[in-house]
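Student: Spelled out, the chains give:
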Amino acid sequence: MPYRFNFTGRRTLRQSDFRLEVSELLTPLNTTLSLTGDVLDGFAGVPGARLVVEAYRHNEAQRRDLGPVARFKNGSPVVFDRFSDGAHVLFRIKVVDPATRRLLALAPRIRPFGAKDRGGRREKMLPVQFAGENDRMGGQIWSIRFELEHPTLLLDRSRAGFDYVNDPKFRLLALPRILRDILLYAFVLQAGRRPKWASSWQRFVEDRLGVDGCPDDENLSGSVLEDYMDDAAKWIEEAVAVFSEQNKLGAIAR
Amino acid sequence: MKRTLRAFTAEGIGELKALLAICREERKTFPEEFDRLSADERYTDPLGDGREIDDERKFSSRLDLAGYLLSVLGPSYASALLESPGPVPGTGHGIWPWLSVVYWRQCIGRVAGRDRVGAEKRWILKTDFRDRNYHYMAFPVSLHLSVADFGPDALEAFLGGPVSENSAFSHECASRQEIMQNPAALQTAVWLYHAKSAKKKLRRRIASQKDPGNIRNFVRVLQQFGMTMDFFDREDAKILWTMLPKAFNRFKQKRIPWDEDLT
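Chains A and B, in that order, are what the protein sequence lines are.
Quick note: the first sequence, position 38, residue 38 per the numbering used here, numbers continuous.
Quick note: the second sequence, position 3, residue 3 per the numbering used here, numbers continuous.
Same shape as in the complex, but just chain B:
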């Protein structure tokens, strides 16, 4: 069903916090409460320009979700909403928690047969640098805006997997300026860790701290190179790739990645 976009007011965000607290305490969800909250005009404001979303849409992945939200909002407006200070200090624009509540069934995961509601920062966008990379709706949109120029492999690597899960790869990368600010580093990370045929579109054990060549190792290597070398353009990824230490060999495929990506 099509619905006009709305945004939570300060009172709406308070109600959502209370609802999440009850869900966690009772260890179950209250479907009618989520549905009521997203439609309650006492706690939400219309967004003004009449844009609509399909609230019954099922998303196959976070990539599907981000692509859909960007098609509704448009990149410029989405960027402005991501930067907005919001109705409550530190919580961002009220549209992001409202969208999480509209699609709440897809946000909630299952652990040991029970619904897992997730932390508050997954529902209410925190503007704090460390916490903002958890939100169910805003984080995929923000990632899509950042990595879309790097092609479909990058989008898959960063946004593969279901809406309810935040991948270690996207979280680690997005919290590291060494990667996100540097196209050469970002391109190399995609070449190393993307796996087209895998279910979550990522190589296995990339976040494991025990295994060599994991994503944290990659950041440390970048920091070391950053003191002596200057890599920035996507073209520089070829040099960076060849300079990576042996620890990364298990992620280097036999093919040369730039034959496909940088043509």
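Bound conformation, chain A alone:
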């Protein structure tokens, strides 16, 4: 049995002590973090103990200091703008004493919640790639290719030096439109024969954006079809509005 010395009393945070979720949309890497009461109570009495989250992939890392543990609010969003998406990103959660630099607690190599559900591989909801020769862009800087496995966001290769992800105008103008186009395709154009990836987008809208009311698309005909279209359109518009609010797109416009 291997023995490890732990002279400093460092605590190991276990998977059951926290929940870290990643939003899979095309924004800088967005996560939400929640800690159990045990962790919050355990460090609330330690003066100055701060909560820190680090995201890392290959040789790149970014840290976010979430402030004193005692004042941490569960479900707080944590944005890592150095990463455009969550593919292959792992996380470390630390509780540190900034005065002495001592590590009070550590959770290393965290795979975000949901990643293990698919055999340990995180699948992107919206892969991004430059348009190929066969993709007809017609001068547009972005377009969506709808495939069996997922929709793919295509970007104009001739503007490859342009920082799409961090450009505020692109985010302001394109992101709501991308979400609307994808939802319209899956839930309106393909009503009754939704693509299999539609369920993950429905989960995203319901769980992350908190917009319920996605209509059922069985037995669509006559007035049922008309009602379905009305309900789906309202659901989509509400989803796009909430998405824009959550991503503070209004602040960019001002």
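The set of hints was computed from the structure by calculation and includes no laboratory data.
Careful, some of the hints might be misleading.
Now the stretches of chain B that chain A is said to cover, found in silico as 3 or more residues with beta-carbon under 8 Å [to be verified]:
| no. | segment |
| --- | --- |
| 1 | 75-81 |
| 2 | 90-98 |
| 3 | 225-233 |
If you only want the chain A side, here are some residues facing chain B, beta carbon under 8 Å, derived [stated by the list, open to error]:
| no. | residue |
| --- | --- |
| 4 | Thr8 |
| 5 | Arg10 |
| 6 | Arg11 |
| 7 | Thr12 |
| 8 | Asp41 |
| 9 | Ala44 |
| 10 | Tyr56 |
| 11 | Glu60 |
| 12 | Ala61 |
| 13 | Arg63 |
| 14 | Lys94 |
| 15 | Val96 |
| 16 | Arg102 |
| 17 | Leu103 |
| 18 | Ser158 |
Taking CB as the label site, the calculated pair distances span [unchecked claim]:
| no. | chain 1 | residue 1 | chain 2 | residue 2 | range |
| --- | --- | --- | --- | --- | --- |
| 19 | B | Pro31 | A | Arg177 | 50 to 58 Å |
| 20 | B | Lys17 | A | Asp216 | 52 to 60 Å |
| 21 | A | Gln140 | B | Ser71 | 23 to 31 Å |
| 22 | B | Asp54 | A | Glu238 | 52 to 60 Å |
| 23 | B | Lys28 | A | Arg177 | 57 to 65 Å |
| 24 | A | Ala233 | B | Thr127 | 42 to 50 Å |
| 25 | A | Ser199 | B | Thr127 | 27 to 35 Å |
| 26 | A | Lys196 | B | Pro31 | 49 to 57 Å |
| 27 | A | Leu249 | B | Phe30 | 55 to 63 Å |
| 28 | B | Arg114 | A | Val79 | 49 to 57 Å |
Quantities reported herein were computed from a predicted structural model and do not represent experimental measurements.
Built from N, CA and C at the ideal position, the CB exists for glycine as well.
Keeping the supplied structure of chain A fixed, place chain B upon it in accordance with the hints.
Tutor: Here is chain B on its own, set in the frame of chain A:
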């Protein structure tokens, strides 16, 4: 002469592999074959947006090379090309081997009077974590993107030396997440091992396993500190510096390094 950027197709990469194999077998290079391959439209595709490079440019160091390629490609596009899956699985974007072939004369070193062609992974970018830090063109660009924020000393330490040589310092550091992911560790490594006046811009015997305070020792110390202490910001490098064990004394200069770097 200015040339429009191109990228090897899957067939082009196959041709390059064959050419490298012949060079190694015959123990010599075939200049006309390298020049033909980089210009052959059967094996290369234009990159689309008409960017151009000067194929006669001589690079004084890997730093000069990386700076030039980044000025042509731009940081965002270069990052995207480094992450690209490429025409053949596991080989990255075809532009990187194409650039190696365009500047092949500067990539090939001389050993005992003979041309040294170098391993395939130095010409064709491997996407595997262990192998990708060997490429003549992609690795300097990738390092430049990672360490540029740490100032000219860091760029010199990581990218000093000729294009044909891969320094032990940059290779060891780039393969260690403990250093590359941690600004405090990276800054401390530069303070320890950079030497402005040296030809290769590095202190001597930093990779020797026999000498104390070498780069591998540094990684081991970081791993030990990582279990008990929390260092991350560049400012934390000052604390890390003072906590280093005696083995590193021969690399600690008399001056205090942060007087210049962190002002």
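Student: Against this structure, judge whether each hint is valid.
Tutor: Cross-check of the supplied hints:
no.: 1; hint: 75-81; in the structure: holds (count 3)
no.: 2; hint: 90-98; in the structure: violated (count 0)
no.: 3; hint: 225-233; in the structure: holds (count 6)
no.: 4; hint: Thr8; in the structure: holds, 5 Å
no.: 5; hint: Arg10; in the structure: holds, 7 Å
no.: 6; hint: Arg11; in the structure: violated, 12 Å
no.: 7; hint: Thr12; in the structure: violated, 11 Å
no.: 8; hint: Asp41; in the structure: violated, 22 Å
no.: 9; hint: Ala44; in the structure: violated, 19 Å
no.: 10; hint: Tyr56; in the structure: holds, 5 Å
no.: 11; hint: Glu60; in the structure: holds, 7 Å
no.: 12; hint: Ala61; in the structure: holds, 4 Å
no.: 13; hint: Arg63; in the structure: holds, 5 Å
no.: 14; hint: Lys94; in the structure: holds, 6 Å
no.: 15; hint: Val96; in the structure: holds, 4 Å
no.: 16; hint: Arg102; in the structure: holds, 7 Å
no.: 17; hint: Leu103; in the structure: holds, 5 Å
no.: 18; hint: Ser158; in the structure: holds, 5 Å
no.: 19; hint: Pro31(B) with Arg177(A): 50 to 58 Å; in the structure: holds, 53 Å
no.: 20; hint: Lys17(B) with Asp216(A): 52 to 60 Å; in the structure: holds, 56 Å
no.: 21; hint: Gln140(A) with Ser71(B): 23 to 31 Å; in the structure: holds, 29 Å
no.: 22; hint: Asp54(B) with Glu238(A): 52 to 60 Å; in the structure: holds, 55 Å
no.: 23; hint: Lys28(B) with Arg177(A): 57 to 65 Å; in the structure: holds, 58 Å
no.: 24; hint: Ala233(A) with Thr127(B): 42 to 50 Å; in the structure: holds, 43 Å
no.: 25; hint: Ser199(A) with Thr127(B): 27 to 35 Å; in the structure: holds, 32 Å
no.: 26; hint: Lys196(A) with Pro31(B): 49 to 57 Å; in the structure: holds, 55 Å
no.: 27; hint: Leu249(A) with Phe30(B): 55 to 63 Å; in the structure: holds, 57 Å
no.: 28; hint: Arg114(B) with Val79(A): 49 to 57 Å; in the structure: holds, 54 Å
Consistency with the previously given hints fails for numbers 2, 6, 7, 8 and 9, ordered from lowest to highest.
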